[in-house]
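*Asks:* What follows is each chain in one-letter form.
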Amino acid sequence: MSKTPSDLRYTKSHEWAKKEADGTVTVGITDHAQGLLGDMVFVELPKVGMKVAAGKECGVVESVKAASDIYAPVAGEITAVNSAVSDSPESVNQDAYAAWMFKIKPASVAEVEALLDAKAYEAVVAAEAH
Amino acid sequence: MGQRTPLYDTHIAAGAKMVDFGGWDMPIHYGSQIEEHHQVRRDAGMFDVSHMVVSDFRGDKVREFLKTLVANNVDKLKTPGRALYTCMLNSQGGVIDDLIIYYLNEQWFRIVSNAGTHDKDMAWMAAAAKEFGVVMSERPELAMIAVQGPHAKEKTYTALGENLREAAGSLKPFHSVTIGELMVCTTGYTGEDGFEIILPAKAAVFTWQMLAEAGVKPCGLGARDTLRLEAGMALYGSDMDETLTPFEAGLAWTVALEPSARKFVGREALEKQLATGVTRNLVGLLLEDKGVLRSHMKVFCQQGEGETTSGSFSPTLNKSIALARLPAGVAVGDRVEVDIRGKRLAAKVVKYPFARNGKSCLN
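First to last, the protein sequences are chains C and D. Using our numbering, the first residue of the first sequence is number 1, and each one after it goes up by one. Using our numbering, the first residue of the second sequence is number 1, and each one after it goes up by one.
Hints listed in this document are in silico derivations from the structure and should not be mistaken for laboratory results. It cannot be assumed that every hint is accurate.
Listed next, with one range per pair, are the computed distances between beta-carbon atoms [what the hints assert, rightly or not]: (1) D/E213 x C/E122: 36 to 46 Å; (2) D/T276 x C/G49: 54 to 64 Å; (3) C/D117 x D/R344: 55 to 65 Å; (4) D/R344 x C/K51: 42 to 52 Å; (5) D/N163 x C/S6: 54 to 64 Å.
Each computed DSS-like pair below joins lysine-lysine, with the alpha-carbon atoms no more than 30 Å apart [claimed, not checked]: (6) D/K348 x C/K51; (7) C/K18 x C/K56; (8) D/K343 x C/K105; (9) C/K3 x C/K105.
Facing chain C, from chain D, some residues (calculated, C-beta under 7 Å) [claimed, not checked]: (10) Q33; (11) I34; (12) V292; (13) H296; (14) F313.
Beta carbons are placed, not taken as given, at the ideal position from N, Cα and C, and that holds for glycine.
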C-alpha cells in the first residue's frame with residue numbers, strides 16, 4: 001500500500017503540497033504516483049521566479065515506462081527547486097515525500113486550504129483503481 | 001481479465017505488478033524494472049514468456065511448406081535442433097509476424113510466434129499448411145521460461161540437473177535440444193547468454209521455483225523490453241508491422257533472396273522494392289540532450305523527417321536510446337533532432353546494438 005501522510009495536502013493529479021512556516025508551499029509527487037510510474041530516470045524542474053497558475057504544468061517526471069507532467073497545486077511564484085532530485089531521479093522512488101520538487105509562494109492562502117486532505121486523496125486513488 | 005499463464009499465481013505471490021500484454025495478464029516488474037535489467041546484464045534473470053505461441057507443423061512436405069511461408073530460408077536448417085529467425089510476409093512484402101522456426105526432424109518443425117498476433121498468424125499459417133498437407137497443432141499445454149544473463153546457464157544446471165550441462169552445455173546460439181519433456185533452446189531476446197526452455201505447463205511452477213532457488217531472479221516484461229532495445233532487437237507492432245517490409249525494419253539480414261528459384265510469399269514485392277530503392281531505414285539514436293525518447297516521436301534530419309519506433313531509457317548506458325525509421329541516406333554519426341514533448345532535442349545516429357553481453361557496444 002502506498003503512503004499518504006495526514007499532515008500534507010494533495011491534488012487529483014497526484015502532487016502533494018506542504019505548507020511551510022515561511023508561507024511557501026513545498027510540492028512533490030505522491031508515493032502512489034511514483035508507484036504507478038515505476039523507476040524514475042529523468043526529472044525536469046521549473047525555473048525559479050516563474051509565475052504559475054493553479055493546475056498549470058511546471059515540470060516533468062519520466063520513468064522507464066512513461067512521462068508525466070507535474071502540475072502547480074496552487075497559483076503563485078516558484079521560489080526554489082530541488083536540483084538534488086534532477087541529479088538523482090531514483091530518490092523519488094525511494095521516498096516521494098522527501099524528494100520535493102519545488103516551492104511556491106502562493107498568491108492566495110485560501111487556495112492551499114482548498115486542496116484535498118489525505119482522506120479525500122485516498123478516495124481519489126481508490127476511485128481510479130476501479 | 002486477460003489470459004493467464006501457469007505462473008500467474010506465482011507472479012502475484014512474488015509481488016509482481018501485472019499489466020495487459022497482447023490479451024495476457026503478465027508481470028511488468030516485481031519491484032524495480034531497472035534492477036531487473038541489471039540483474040540480466042550482470043548475473044541471471046528469468047522471464048515467463050508462456051504467452052508466446054508454440055505451434056507444431058508435421059508432414060512429409062513440411063520443409064517445402066516453410067520454404068514458401070517465410071522470407072528466410074529453412075534450408076539453412078541442416079541438423080535437427082537448429083533454429084532460424086525469420087519474418088512471415090504478406091504478398092505486399094509486409095511483415096505479418098516475426099518468429100523462430102525450430103527444425104526437430106524432417107517431418108516436424110516447431111514455430112514460436114508472438115501472442116499479440118495469434119489469431120491472424122494461426123489463420124494465415126493454417127490456410128497455407130493445408131495446401132502442403134501439413135498438419136498444424138497449437139501447443140497451449142506448453143509453457144516457456146527464458147533464463148538469461150552471463151550466469152544463466154550455470155544456474156540453470158544447478159536448478160535442473162547436471163545432465164542438462166552434458167546435453168545443452170556445448171550448444172551454439174540458435175540451437176536446441178530435447179530432453180524428455182523439456183526443449184532447451186539457446187535463443188533469447190536480451191542480448192545475453194542463456195536458454196529459453198519450453199516445458200509442460202504443469203511443470204512450470206516447480207521449474208520456476210527451482211531456478212529461483214538457484215539464484216535466478218524473476219524479471220518482468222518491462223526489463224525484457226529495455227534489454228531487447230539495447231540489444232537492437234526489433235519488436236513486432238513497434239518496429240515492424242504489415243505496412244513495412246523487412247528492409248524498412250532493419251531486418252534485411254533475415255531475407256534470403258538466394259536461391260532465386262525459391263518462391264516465398266512477398267518475394268515479388270521485395271524484389272520490386274529493391275529495384276526502385278528502399279526509401280527508409282531503421283537506425284539507432286542516442287539522445288545527447290537530457291530527456292527520454294519514446295516511440296512515435298518525430299525526428300528531423302537533413303534528408304527529411306522520420307519517426308522513432310521504440311525508445312526508452314537505457315540502464316546500461318545511463319542514457320536514452322531509440323530505434324528510428326529515417327529517410328535513406330542518413331548515416332551513422334549524423335546529428336538529428338527529435339521532437340520530445342514540443343522541444344527539439346539533439347540526438348546522434350549510432351550503430352545498434354547499443355549494449356550486449358553486459359556492456360556498451362558504443363565506443
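*Asks:* Hint by hint, note whether the structure agrees.
*Replies:* Okay, the hints, checked on the actual structure:
no.	hint	result
1	D/E213 x C/E122: 36 to 46 Å	39 Å, holds
2	D/T276 x C/G49: 54 to 64 Å	56 Å, holds
3	C/D117 x D/R344: 55 to 65 Å	42 Å, violated
4	D/R344 x C/K51: 42 to 52 Å	25 Å, violated
5	D/N163 x C/S6: 54 to 64 Å	59 Å, holds
6	D/K348 x C/K51	35 Å, violated
7	C/K18 x C/K56	18 Å, holds
8	D/K343 x C/K105	28 Å, holds
9	C/K3 x C/K105	26 Å, holds
10	Q33	5 Å, holds
11	I34	4 Å, holds
12	V292	4 Å, holds
13	H296	13 Å, violated
14	F313	4 Å, holds
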